[in-house]
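Q: First to last, the sequence lines map onto chains S and R.
If you're matching positions, the first sequence starts at 24 in the numbering used here and goes up one per residue.
If you're matching positions, the second sequence starts at 531 in the numbering used here and goes up one per residue.
Careful, some of the hints might be misleading.
Stated by the list, open to error - Computed, partial: chain S to chain R, Cβ under 8 Å:
| hint | residue |
| --- | --- |
| 1 | 190 |
| 2 | 201 |
| 3 | 208 |
| 4 | 210 |
| 5 | 411 |
| 6 | 419 |
| 7 | 421 |
| 8 | 422 |
| 9 | 429 |
| 10 | 431 |
| 11 | 434 |
| 12 | 464 |
| 13 | 471 |
| 14 | 475 |
Stated by the list, open to error - Okay, derived cross-link-like pairs now, SDA-like style, lysine to any residue, Cα gap no bigger than 20 Å in a straight line:
| hint | chain 1 | residue 1 | chain 2 | residue 2 |
| --- | --- | --- | --- | --- |
| 15 | R | 577 | S | 478 |
| 16 | R | 687 | S | 73 |
| 17 | S | 248 | R | 657 |
| 18 | R | 577 | S | 209 |
| 19 | R | 687 | S | 431 |
| 20 | S | 448 | R | 611 |
| 21 | S | 448 | R | 612 |
| 22 | R | 546 | S | 451 |
| 23 | R | 687 | S | 428 |
| 24 | S | 448 | R | 546 |
| 25 | R | 546 | S | 183 |
| 26 | S | 448 | R | 610 |
| 27 | S | 448 | R | 620 |
| 28 | S | 246 | R | 623 |
| 29 | S | 448 | R | 615 |
| 30 | R | 687 | S | 79 |
| 31 | S | 157 | S | 370 |
| 32 | S | 246 | R | 617 |
| 33 | S | 248 | R | 656 |
| 34 | R | 687 | S | 75 |
| 35 | R | 577 | S | 474 |
| 36 | R | 577 | S | 469 |
| 37 | S | 403 | R | 672 |
| 38 | S | 403 | R | 664 |
| 39 | S | 403 | R | 665 |
| 40 | S | 246 | R | 620 |
Keep in mind the hints are simulated off the structure, nothing from the lab.
For clarity, every value in this text was computed on a predicted model and none was experimentally measured.
Each residue gets a CB set at the ideal place from its N, CA and C atoms; glycine is no exception.
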Amino acid sequence: METLLSSFDIIARWDVVAALLIGSIGGVLVGALPGVGAAVAIAIMLPATFMLEPIVGITALLGIYGSSMFGGAIPAILVNTPGTPVNALTTYDGFPMTQRGEARRALGLAYSASFFGGIFSIVCLMLFAPVLAKVAPMFGSREIFLAALLGIVLVILTHRGQVLAAAMLACFGIFLQTIGLEGTGYTQRYTFGQGWLQNGIDLIVVVLGIFAISQALVLFLDKDKNFPMPHVGKKGFFRTMGELWIFRRIAVAGSAFGVFCGMIPGVGEFMSQFMSYSYAQRTSKTPELFGKGNPEGLVASEAANNSVPAAAMVPLLALGIPGEELTAMMLSVFYVHNVIPGPALFANQMDFVLALYLCLIILNVLVVLFLFLATDTLMKVMLIPNRFLGMMILTFSLIGVYSLRNALTDVFVAAGFGVFGMILKRLDYPTSPVILGIVLGGLMEDKLRTSMARVVTPWDFIDRPIAFILFVMILAAVGLHIWTMWKARHGEKIDELHSDAHS
Amino acid sequence: MPDGDQEPHVFPLGRKPGELLFCAAFLIFAAALLAMIGWQTSWIAGKGLAAQPRLWPAISLGGMVLAGAILWARTRNVQRTPGRWREAATWLRSLEFVGWYVLYVMGIPVVGYLPATILFCVLLTLRLGYRSRMAMLSALGFALFVVLTFKTAFNVKIPGGALYELAPGGLRYILIRYF
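With the sequences and hints as input, model every part of the structure.
A: Here it is in structure tokens:
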């Protein structure tokens with residue numbers, strides 16, 4: 024109770040509330056703009072928060088992180104274009120509902136499902152926090168190394184159809200973090216005698232290049248899209264939001280899947296939505312209507328995706344391990360503001376952790392109120408032409424890149440990664456493994472080095488319970504993937520035999 | 531959900547224009563870096579494997595080459611979509627906008643953040659084909675918003691322009707400090 028009161032004390036300040044309000048509204052705005060997304064917004068805004076107090080800066084960016092998916096549902100439902108990639112499943116049932124003239128109902132359900140998912144996951148985590156505070160100190164170097172390795176493995180394996188590309192790009196990320204003067208022997212690695220490479224390649228520069236500049240280039244090279252805007256209006260919004268009660272079973276299950284998947288590094292929103300949607304379809308009385316405007320599908324998708332951000336903060340805050348690109352961004356936010364996530368944070372600053380969870384609760388309330396009042400205005404934001412939006416992103420991205428050190432080399436590096444990211448995006452290759460490779464690669468190198476000092480035989484590495492469990496999880500993840508792959512290929516062969524027999 | 535999404539795949543099912551080109555270029559890049567490992571990293575005698583500076587570059591570059599080689603080999607064997615060189619030309623076309631960006635950054639220490647941002651936003655808007663008065667005013671308004679928010683209000687560290695030095699005393703300070 025004392026910890027909870029202390030956490031209230033941390034956030035009961037006008038500047039924290041203002042930062043949360045600005046971040047939340049900003050997050051909804053960028054979420055509603057197809058082609059921007061929270062990662063771009065956080066990358067752009069991060070340098071602007073350098074001079075703010077840690078709790079104020081973190082709260083502003085946490086607002087963007089936690090609210091973008093609310094906004095992303097709007098274009099997904101109204102114009103069949105997800106505002107953020109994780110809203111893709113929302114289009115399946117949201118847009119057909121709009122075509123049937125039920126846009127307001129679809130939006131109301133999406134907002135209420137997102138709100139429910141968000142609050143559900145935060146309450147779960149607040150209840151779970153004391154347990155976590157006890158478990159987190161049990162993570163030593165070995166356990167953190169294995170957890171980071173599990174994160175990398177899962178990030179690669181969850182990119183279905185692109186496992187090799189994801190592996191290649193994750194390795195590229197790991198390589199990037201090795202560049203520069205290494206910390207133990209002070210030897211140079213891949214600096215080619217260049218002074219500007221000695222400090223390594225800054226994560227923020229890479230992030231701005233791969234997320235922001237690349238997105239601007241993608242938009243420049245594309246044609247402007249014209250969306251026909253349906254009329255939504257405000258009348259009856261609360262009534263449609265209340266309709267969630269009818270779908271409470273789906274909302275609870277979806278949120279639970281979100282919490283579960285969010286807590287496992289590398290799994291995140293996509294897997295939780297897939298599981299939630301599959302469950303909803305399997306248990307529905309009308310499974311044939313999924314993909315044709317079934318509100319159950321919409322609730323399953325939105326409840327699951329919005330319960331992930333809070334849950335994903337668990338490995339991030341407790342172990343310092345990000346699960347996907349947005350949490351990797353949030354990790355750099357914490358580092359920039361001198362808050363070092365890890366077991367020590369949970370053990371010594373539990374009030375700070377709870378304060379962040381309280382902020383997430385407040386932002387969910389703020390966002391729903393804002394959406395209730397401003398959905399019509401938000402729809403106008405979607406009318407900004409794509410290429411003009413590209414110009415805006417490029418202008419914003421300069422602030423992040425150039426204000427770091429006022430170095431022209433940073434600009435060239437960011438521009439280079441911008442072109443690289445643009446090519447990846449045009450080829451539909453994933454960009455997040457690069458960022459996670461940079462973040463987790465450094466962590467793995469450091470933790471392996473410190474843990475090996477106390478390891479004599481390979482068995483010593485996994486002779487502690489948590490290390491052993493993590494090791495088994497890695498083996499299980501790889502084994503399960505190989506098994507499902509073999510099963511799928513075997514099935515294909517049987518299908519081929521059947522088709523040969525028929526022909 | 532489409533059925534294809536439910537099946538796991540390691541290997542690509544089809545390839546996009548330019549994909550093989552990218553895979554080949556990436557593979558060559560990774561192999562060249564791996565070939566340099568002997569003179570770009572060190573091996574410290576007497577230290578354990580985990581503490582060797584060469585270990586992680588070797589793991590990561592080895593992984594890039596291995597995954598890249600398998601991806602390239604598999605990509606070669608799947609059905610291609612024509613348009614490889616047209617796609618490569620599109621990638622090169624993006625360099626024009628990179629050029630705009632670099633010019634913008636180089637212009638800041640010369641003309642100052644406010645004038646450089648206004649020029650960049652308005653001229654790039656024109657280049658992108660938006661010629662209406664509304665578009666010009668939007669670009670101008672956006673440029674002012676960016677400078678007033680980040681430099682004036684948030685005091686983000688961006689250098690003043692050499693042009694500002696020509697202004698008289700008090701105004702010069704205000705221009706350098708806030709714009």
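Q: Does each hint hold? Answer for all of them.
A: For each hint, the structure was consulted:
1. Because the beta carbon of residue 190 (chain S) sits about 4 Å from the nearest beta carbon in chain R, less than 8 Å, this interface hint is met.
2. Look at residue 201 (chain S): its Cβ gets to within about 5 Å of chain R, closer than 8 Å, so that hint holds up.
3. Taking 8 Å as the C-beta cut-off, the interface hint given for residue 208 (chain S) holds, the closest approach to chain R being about 5 Å.
4. At about 4 Å, the closest approach between the beta carbon of residue 210 (chain S) and any beta carbon in chain R falls short of 8 Å, and the interface hint on this residue holds.
5. For the restraint placing residue 411 (chain S) at the interface with chain R, the shortest Cβ-Cβ distance is roughly 6 Å, inside the 8 Å limit, so the hint holds.
6. Because the smallest distance between the Cβ of residue 419 (chain S) and any Cβ of chain R comes to about 7 Å, under 8 Å, the interface hint for this residue holds.
7. Restraint check, residue 421 (chain S) versus chain R: the minimum CB separation of about 6 Å is within 8 Å; hint holds.
8. Below 8 Å, beta-carbon pairs count as interface contacts, and residue 422 (chain S) has one with chain R at about 5 Å; its hint therefore holds.
9. Hint status for residue 429 (chain S) relative to chain R: holds, with the closest Cβ pair at about 6 Å, below 8 Å.
10. Nearest Cβ of chain R to the Cβ of residue 431 (chain S): about 7 Å, under the 8 Å cut. The hint holds.
11. Evaluation of the residue 434 (chain S) hint against chain R yields a held restraint, the C-beta minimum of about 5 Å falling below 8 Å.
12. For residue 464 (chain S), the suggested interface contact is upheld, since its CB lies about 7 Å from the closest CB of chain R, less than 8 Å.
13. Interface restraint check for residue 471 (chain S): the shortest CB-CB distance to chain R comes to about 5 Å, inside 8 Å, so the restraint holds.
14. With its C-beta approaching chain R no nearer than about 4 Å, residue 475 (chain S) sits inside the 8 Å limit, and its interface hint holds.
15. Pair hint residue 577 (chain R) plus residue 478 (chain S) holds up; C-alpha atoms about 14 Å apart against a cutoff of 20 Å.
16. Of the supplied pair hints, the one linking residue 687 (chain R) and residue 73 (chain S) holds, its CA atoms being roughly 10 Å apart against a limit of 20 Å.
17. Proposed proximity of residue 248 (chain S) and residue 657 (chain R) is supported: the alpha carbons are some 18 Å apart, at most 20 Å.
18. Restraint check for residue 577 (chain R) and residue 209 (chain S): satisfied, since their Cα atoms lie roughly 14 Å apart, inside the 20 Å limit.
19. As the CA atoms of residue 687 (chain R) and residue 431 (chain S) are separated by approximately 14 Å, the hinted pair is consistent with the 20 Å bound.
20. As the CA atoms of residue 448 (chain S) and residue 611 (chain R) are separated by approximately 17 Å, the hinted pair is consistent with the 20 Å bound.
21. Proposed proximity of residue 448 (chain S) and residue 612 (chain R) is supported: the alpha carbons are some 18 Å apart, at most 20 Å.
22. Between the alpha carbons of residue 546 (chain R) and residue 451 (chain S) the distance comes to roughly 9 Å, so the proposed pair stays at or under 20 Å and holds.
23. Distance hint between residue 687 (chain R) and residue 428 (chain S) is fulfilled; the C-alpha atoms sit about 8 Å from each other, no more than 20 Å.
24. In summary, the hint linking residue 448 (chain S) to residue 546 (chain R) is supported, as the alpha carbons are separated by about 12 Å, within the 20 Å threshold.
25. Taking the CA atoms of residue 546 (chain R) and residue 183 (chain S), the gap is near 16 Å; set against the 20 Å cutoff, the hint holds.
26. Between the alpha carbons of residue 448 (chain S) and residue 610 (chain R) the distance comes to roughly 18 Å, so the proposed pair stays at or under 20 Å and holds.
27. Between residue 448 (chain S) and residue 620 (chain R) the alpha-carbon distance is near 13 Å, which keeps this suggested pair within the 20 Å criterion.
28. A threshold of 20 Å between alpha carbons decides the hint, and for residue 246 (chain S) with residue 623 (chain R) the separation of about 14 Å falls inside it, so the pair holds.
29. Annotation: proposed proximity of residue 448 (chain S) to residue 615 (chain R) holds, straight-line Cα distance about 17 Å (limit 20 Å).
30. The hinted pair formed by residue 687 (chain R) and residue 79 (chain S) meets the criterion: a straight-line CA distance of about 19 Å does not exceed 20 Å.
31. For the hint linking residue 157 (chain S) to residue 370 (chain S), the alpha-carbon distance of about 8 Å falls within 20 Å, and the restraint holds.
32. Only pairs whose Cα atoms come within 20 Å are accepted, and residue 246 (chain S) paired with residue 617 (chain R) is accepted, the gap being roughly 15 Å.
33. Taken as a hint, the residue 248 (chain S) and residue 656 (chain R) pair is honoured in the structure, with Cα atoms around 18 Å apart against an allowance of 20 Å.
34. For the proposed pair residue 687 (chain R) and residue 75 (chain S), the alpha carbon gap of about 13 Å is at most 20 Å, so the pair holds.
35. At roughly 14 Å between alpha-carbon atoms, residue 577 (chain R) and residue 474 (chain S) fall within 20 Å of each other, so this suggested pair holds.
36. With a C-alpha separation of about 15 Å, the suggested pairing of residue 577 (chain R) with residue 469 (chain S) holds against the 20 Å cut-off.
37. With a C-alpha separation of about 16 Å, the suggested pairing of residue 403 (chain S) with residue 672 (chain R) holds against the 20 Å cut-off.
38. Restraint check: the Cα-Cα separation between residue 403 (chain S) and residue 664 (chain R) comes to about 15 Å, which is no more than 20 Å; the hinted pair holds.
39. The hinted pair formed by residue 403 (chain S) and residue 665 (chain R) meets the criterion: a straight-line CA distance of about 15 Å does not exceed 20 Å.
40. Restraint check for residue 246 (chain S) and residue 620 (chain R): satisfied, since their Cα atoms lie roughly 13 Å apart, inside the 20 Å limit.
Checked against the numbered hints above, the structure breaks none of them.
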